[in-house]
Amino acid sequence: MQRIRLLKDRIARKLMLSLTIFSGLIVFIMAFGLYQRSRPILAIKPLNELLFSTSWQPSSGKFGFFPFIMGTLWVTGVAIFIAVPLCLFTTIYLSEYSGARLCKWTNPLIDLLAGIPSVVYGMCGVLVIVPLIKDHIAPFFGTFSSGYSVLAGGVILAVMIFPIIIHVSSEVFRSVPAELREASLALGATKWQTVKHVVIRKAMPGVIAAIVLGLSRAFGETMAVLMVAGNVAKVPSSVLDPAYPLPALIANNYGEMLSVPLYDSALLLASLVLLMVVLSFNIISRIILIRVERNIR
Amino acid sequence: MDRRYAEEKIFRSLTFASTVVIFLTLAFILATVIAKGISYMNLAMITQTPKGGYYLGKEGGVLNAILGSLYLAGGATFLAILVSLPVVLYINIYSKKESKIAAFTRFSFDVLWGVPSIVYGAFGFTIMLFFGLRTSLLGGIITVSLLILPIMSRAIDEVVRMVPTELLDASYALGATKLETALKIVTRQALPGIMTAVLVAFGRGIGDAASVIFTAGFTDSIPYSLFRPAATLPLAIFFQLGTPLPEVQGRAYASALILTSIILIISVVSRALTGRFTRHVVK
Numbered sequence: 001m002q003r004i005r006l007l008k009d010r011i012a013r014k015l016m017l018s019l020t021i022f023s024g025l026i027v028f029i030m031a032f033g034l035y036q037r038s039r040p041i042l043a044i045k046p047l048n049e050l051l052f053s054t055s056w057q058p059s060s061g062k063f064g065f066f067p068f069i070m071g072t073l074w075v076t077g078v079a080i081f082i083a084v085p086l087c088l089f090t091t092i093y094l095s096e097y098s099g100a101r102l103c104k105w106t107n108p109l110i111d112l113l114a115g116i117p118s119v120v121y122g123m124c125g126v127l128v129i130v131p132l133i134k135d136h137i138a139p140f141f142g143t144f145s146s147g148y149s150v151l152a153g154g155v156i157l158a159v160m161i162f163p164i165i166i167h168v169s170s171e172v173f174r175s176v177p178a179e180l181r182e183a184s185l186a187l188g189a190t191k192w193q194t195v196k197h198v199v200i201r202k203a204m205p206g207v208i209a210a211i212v213l214g215l216s217r218a219f220g221e222t223m224a225v226l227m228v229a230g231n232v233a234k235v236p237s238s239v240l241d242p243a244y245p246l247p248a249l250i251a252n253n254y255g256e257m258l259s260v261p262l263y264d265s266a267l268l269l270a271s272l273v274l275l276m277v278v279l280s281f282n283i284i285s286r287i288i289l290i291r292v293e294r295n296i297r
Numbered sequence: 001m002d003r004r005y006a007e008e009k010i011f012r013s014l015t016f017a018s019t020v021v022i023f024l025t026l027a028f029i030l031a032t033v034i035a036k037g038i039s040y041m042n043l044a045m046i047t048q049t050p051k052g053g054y055y056l057g058k059e060g061g062v063l064n065a066i067l068g069s070l071y072l073a074g075g076a077t078f079l080a081i082l083v084s085l086p087v088v089l090y091i092n093i094y095s096k097k098e099s100k101i102a103a104f105t106r107f108s109f110d111v112l113w114g115v116p117s118i119v120y121g122a123f124g125f126t127i128m129l130f131f132g133l134r135t136s137l138l139g140g141i142i143t144v145s146l147l148i149l150p151i152m153s154r155a156i157d158e159v160v161r162m163v164p165t166e167l168l169d170a171s172y173a174l175g176a177t178k179l180e181t182a183l184k185i186v187t188r189q190a191l192p193g194i195m196t197a198v199l200v201a202f203g204r205g206i207g208d209a210a211s212v213i214f215t216a217g218f219t220d221s222i223p224y225s226l227f228r229p230a231a232t233l234p235l236a237i238f239f240q241l242g243t244p245l246p247e248v249q250g251r252a253y254a255s256a257l258i259l260t261s262i263i264l265i266i267s268v269v270s271r272a273l274t275g276r277f278t279r280h281v282v283k
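Going line by line, the protein sequences match chains A and B. Taking my numbering, the leading residue of the first sequence gets 1, the next gets one more, and so forth. Taking my numbering, the leading residue of the second sequence gets 1, the next gets one more, and so forth.
This is chain A alone, in the form it adopts within the complex:
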């Protein structure tokens, strides 16, 4: 009896350890798998040309990712530009001004916002934002736009990254010791001065990490952007131009990629590039967050 129990324990330990090691290695397996599949194209074209050439004609063997990379950067840039101030102010309000009572109500709502599927966001974008841009915003600036544009993609992405930026930066704000605030208030500073000079200064690294996490989320978001950004393989020159972000390119061509030579290899290389960029963003911000956490303890 005793022996069987110990044996079970030992077997379970080995099994659990191997599962743990496996799950720690998933990232590497992913990168390796995608690299293997993208080798055929890397073998004949230098990475430089692939990343910085603007001609995209898969049927004649030209794979230049530059328009797609620029599309992603534009859309992500607009999203960050909209989301960062809104999210920071909201976080300040929720963690500094309003009491804990309101947070009890708002936290589940923010979680809900995070849980809405990206297709539903995309649909709302098609229904509301695209017509808005087409009928009101573009005419206001005296130009024409179909509505499917960098701006539409950016607005939708901004809404999609609200939850993560608010969530992470709230946690960072919460980790700023109350004594610091009290000391500042006791010296006669107003609440806003305390926030500006004490809390934000202390929370800065964590807030940057939160923004970078939001950025990487926006960078890789696919379906919603695919639905509203217009998908024209040209480098956009204004926010009212259509864009074709990298993730949308991958998702849009799954059907034909096996029939054109090197096409699948090119798309999996695009996934690899996406993975690498997002991984480095994530690793940086997680390291900052771990440091922040350690400083407090």
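Treat the hints as calculated values from the structure; they're not laboratory data. Each hint can be trusted.
Stretch by stretch, here's where chain B covers chain A in the computed footprint (C-beta under 8 Å, at least three residues): (1) 4-16; (2) 108-117; (3) 210-217; (4) 244-254; (5) 258-272; (6) 275-287.
Pairwise CB distance ranges, derived in the manner of DEER restraints: (7) B:N42 <-> A:S60: 45 to 53 Å; (8) A:M276 <-> B:L82: 28 to 36 Å; (9) A:E49 <-> B:F239: 33 to 41 Å; (10) A:E49 <-> B:R134: 29 to 37 Å.
In this text, a Cβ means the ideal position worked out from N, Cα and C, and glycines have one as well.
Following the hints, complete the assembly by docking chain B onto the known chain A.
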């Protein structure tokens, strides 16, 4: 002196206004989905599969996609539990609290959590090429289980970490092995949190489209085998919205309402669960 108070007032109202904007956006999205969806909603949508000419506005519903999504997310959640529970129990009970492997595993889950779902889709596709699988329910399940693994593991880890050390010590003192402690004490103590984590992961799995587009494919019939393609709700919405016909687009709105309702129900249930299943919990 006055300038300081003016500044205080301005920024206070600015922060308040931003908060209002963010929550109004959420309300607006939900209102749009409900208002648009309800006028196209009917019984056929949830009880029938697409009939011939469905995408030209003829009769039918999206039962294939509803069931496909439930099977897919269900299967993926099951697979993810099989991996994440042992991993979390290992890093919390077998390995030492501050060990390198625990820290590394947590870190890699955090990083995996940020990997976009399209990359999971592309990776799932390479796995399927490697094993010679075609687009199928199984391929979708494997890909989505990888996608939700980090979400589930980190959420379970949060609750298992909170289990008091005294409880573990009491169990060891009575002569229980680590395995017995893990299964009979820790999982019971953390059960409400584990349930919530599982539901959250299920919700994430059912709503994801980019990862299944390569791997699960799409079909108009109800999936009956793991090796056949399966339709999913997010893709059904995407495809129907892409057609030029207003009736079919209307069905996309109705499908979005169905999907959003499933997500809402999951989120309400998981909130309600927090206080339940506490029969075995030592307070």
